[in-house]
Amino acid sequence: MDLGIEGRRAIVCASSRGLGKACALSLARNGVHVTLNGRDESVLAVTAEEIAKAAPKVEVKVVAGSISDRQCQQNLLEATPEADILINNNGGLLSGTFANSNGTN
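Residues in the sequence shown are numbered consecutively from 51, following our numbering.
These are computed hints drawn from the structure, not numbers from a lab. Beta carbons are placed, not taken as given, at the ideal position from N, Cα and C, and that holds for glycine. Heads up, some of the hints might be wrong.
Stated by the list, open to error - Subject to a maximum C-alpha distance of 20 angstroms in a straight line, what follows is the list of computed SDA-like cross-link-like pairs (lysine to any residue): (1) K111 to N125; (2) K107 to G54; (3) K107 to G68.
Stated by the list, open to error - Ranges between beta-carbon positions, derived for each pair: (4) K107 to E132: 17 to 23 angstroms; (5) G54 to S118: 30 to 36 angstroms; (6) R79 to P131: 22 to 28 angstroms; (7) P131 to L53: 19 to 25 angstroms; (8) R120 to D52: 20 to 26 angstroms; (9) N140 to R79: 31 to 37 angstroms; (10) M51 to N140: 34 to 40 angstroms; (11) A95 to E128: 29 to 35 angstroms; (12) N138 to M51: 31 to 37 angstroms.
From just these sequences and the hints, can you work out the full model?
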């Protein structure tokens, strides 16, 4: 099925394994250039290699670090300044309620 997304650019957070990896792989197979993100650079490198083999025509970038870190966020935006797709697959829980969120947490 043609999703009409070929040539687009995506940032996929927490994409070294599990759901994030599956999303990145699926996007790449549909012709989307992907920027992978996760905390373990060595695991991300393996994932990037797998994606490059499965979808050799797309560009695969890796930005290691925690998406909760400001510098990592900046690095992602510099790597893919015109992202068309964002998969915000960040794990972990924040304490408190959404109603009490101040926008920085």
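Tested hints:
no., hint, verdict
1, K111 to N125, "11 angstroms, holds"
2, K107 to G54, "16 angstroms, holds"
3, K107 to G68, "23 angstroms, violated"
4, K107 to E132: 17 to 23 angstroms, "19 angstroms, holds"
5, G54 to S118: 30 to 36 angstroms, "32 angstroms, holds"
6, R79 to P131: 22 to 28 angstroms, "24 angstroms, holds"
7, P131 to L53: 19 to 25 angstroms, "23 angstroms, holds"
8, R120 to D52: 20 to 26 angstroms, "38 angstroms, violated"
9, N140 to R79: 31 to 37 angstroms, "23 angstroms, violated"
10, M51 to N140: 34 to 40 angstroms, "28 angstroms, violated"
11, A95 to E128: 29 to 35 angstroms, "19 angstroms, violated"
12, N138 to M51: 31 to 37 angstroms, "24 angstroms, violated"
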